[in-house]
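S.K.: The numbering used here applies: residue 1 is where the sequence shown begins, and numbers increase by one.
To be clear, the hints were calculated from the coordinates, so they are not data collected in a lab.
Watch out, some of these pointers could steer you wrong.
To be verified - Heads up, simulated BS3-like pairs for lysine-lysine below, C-alpha to C-alpha not over 25 Å straight-line:
(1) LYS190 - LYS221
(2) LYS210 - LYS287
(3) LYS183 - LYS117
(4) LYS327 - LYS364
(5) LYS356 - LYS210
(6) LYS262 - LYS246
(7) LYS183 - LYS332
(8) LYS262 - LYS287
(9) LYS221 - LYS210
What the hints assert, rightly or not - Just the calculated beta-carbon pair ranges, DEER-fashion:
(10) LEU82 - GLU265: 47 to 57 Å
(11) GLN270 - PHE39: 48 to 58 Å
(12) LYS221 - ARG357: 34 to 44 Å
(13) ARG357 - HIS335: 58 to 68 Å
Heads up, the beta-carbon is just placed ideally off N, CA and C, and yes, glycines get one too.
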Amino acid sequence: MCNKAQLIPQLDLSFSVVSFLLGPLPIAIFTSVIVLLGFILPSIWELLNTPPIRVIREQAKSRKSLFFMFFAGITSLVIFSLVLSENLMLSIWVLTAIILLCILLYTVVWLLLRALKKMKTRLSFYIRSASQSALQITALALGLSLITVLSVLRTDLLERWQQQLPEGTPNQFVYGLPPFDLKAFEQQLKQNGWQSTPLYPNIRGRLVAKNDVPFSEEAIKQNNALRRELNLTQSSALPDDNVITKGQVEFNAVGQVSVESKTAESLGIQIGDRLTFSLPEGTLQAKVINFRSVEWESFSPNFFFIFSPKTLDENAGSYLGSFYVPKQDQPKMIHMIQQFSNTVFIDVDRILDEVKRLMNVLVKIVTVLA
1 MCNKAQLIPQ LDLSFSVVSF LLGPLPIAIF TSVIVLLGFI LPSIWELLNT PPIRVIREQA
61 KSRKSLFFMF FAGITSLVIF SLVLSENLML SIWVLTAIIL LCILLYTVVW LLLRALKKMK
121 TRLSFYIRSA SQSALQITAL ALGLSLITVL SVLRTDLLER WQQQLPEGTP NQFVYGLPPF
181 DLKAFEQQLK QNGWQSTPLY PNIRGRLVAK NDVPFSEEAI KQNNALRREL NLTQSSALPD
241 DNVITKGQVE FNAVGQVSVE SKTAESLGIQ IGDRLTFSLP EGTLQAKVIN FRSVEWESFS
301 PNFFFIFSPK TLDENAGSYL GSFYVPKQDQ PKMIHMIQQF SNTVFIDVDR ILDEVKRLMN
361 VLVKIVTVLA
């Protein structure tokens, strides 16, 4: 049997300390501080200012202290959601829904407890304060609902999504295929009878100017497409899931480029603009011929910029694509990896299995904390 872990070559992945310090670490520190300020410190402050006689007499907390703790918690949730989601309306709608759900659940539980207390049954003996009991039950119900949602999402969401994928959806990606291995690779795919997408030439480059005017520092900071190298390609035909939204369909003249519509909108690119790219072998100018929508969720290679044929030097880069390997043919992938040792193969099934494993761990952690 073929071990799926063997299907992914060992990559030399470098760890960037700067990326860690500017990425996950600040988020972790921010989350800890928000939880501390919003949910822990108010309780400690209330405890430090509580007279011993109130504890001995088991007196309830004052309304002022309860309001302060409630306000601190809500404020922390608002700040936390705004910073992480970066969407004001989304944060408002989600928090409003949570608050309304809490109020509704608390009201229903409080009414039921009041009714049980008035009936003077055996249960009424355990209900000393309907308001406190209702608050505890509401918190417990919300925690259990979170665990239930995570349990459902743990496997059901991924499994349903996989079931909805068409038969023959690519489950292997190939990246960094040298040009001199292109024909042999295509022949191997044909020999195995594996369906594949077209293999696209992949050349790294940066977008540096529009109509001979370099992009401003502000534009570079606001758009990720200007801050990094892009995967550029050329083809006489656009990918099947790309739809032209504006511009001409003909795409054969040298020096033309098709731009993804949302990228064009964010950069203020218009039909007919001349874009300048910085490539390893020099600069390249191309005229924007059309805009297209891209289905990024598909299991096919997608690009922000696609050039017309003979615009790029295909031998200056490598090739990438995707193909489908049936389960019974998985052992053949070992031979493919050995034959094309300079190429990176990415097993999508292996990645999905890892996502499921991480979700299982997350559910277990939340269950223990709850």
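S.K.: For every hint, state whether the structure bears it out.
M.R.: Going down the list of hints, with the structure as the test:
Taking the CA atoms of LYS190 and LYS221, the gap is near 45 Å; set against the 25 Å cutoff, the hint is violated. Distance hint between LYS210 and LYS287 is fulfilled; the C-alpha atoms sit about 10 Å from each other, no more than 25 Å. Restraint check: the Cα-Cα separation between LYS183 and LYS117 comes to about 81 Å, which exceeds 25 Å; the hinted pair is violated. A C-alpha spacing of about 30 Å is found between LYS327 and LYS364, which places the hinted pair above 25 Å, so the restraint is violated.
Taken as a hint, the LYS356 and LYS210 pair is broken in the structure, with Cα atoms around 44 Å apart against an allowance of 25 Å. Distance restraint check for LYS262 and LYS246: the Cα-Cα separation of roughly 12 Å lies within the 25 Å cut-off, and the hinted pair is therefore satisfied. As the CA atoms of LYS183 and LYS332 are separated by approximately 18 Å, the hinted pair is consistent with the 25 Å bound. At most 25 Å may separate the alpha-carbon atoms for a hinted pair to count; LYS262 and LYS287 meet this at roughly 18 Å.
A C-alpha spacing of about 16 Å is found between LYS221 and LYS210, which places the hinted pair at or below 25 Å, so the restraint holds. Distance hint check for LEU82 and GLU265: the Cβ-Cβ separation is about 25 Å, which falls outside the suggested range of 47 to 57 Å. At roughly 50 Å, the beta-carbon separation of GLN270 and PHE39 lies within the given 48 to 58 Å, and the hint holds. At roughly 37 Å, the beta-carbon separation of LYS221 and ARG357 lies within the given 34 to 44 Å, and the hint holds.
A hinted range of 58 to 68 Å is violated for the C-beta pair ARG357 and HIS335, which are about 28 Å apart.
Going down the numbered hints, you'll see the structure goes against 1, 3, 4, 5, 10 and 13, while the others check out.
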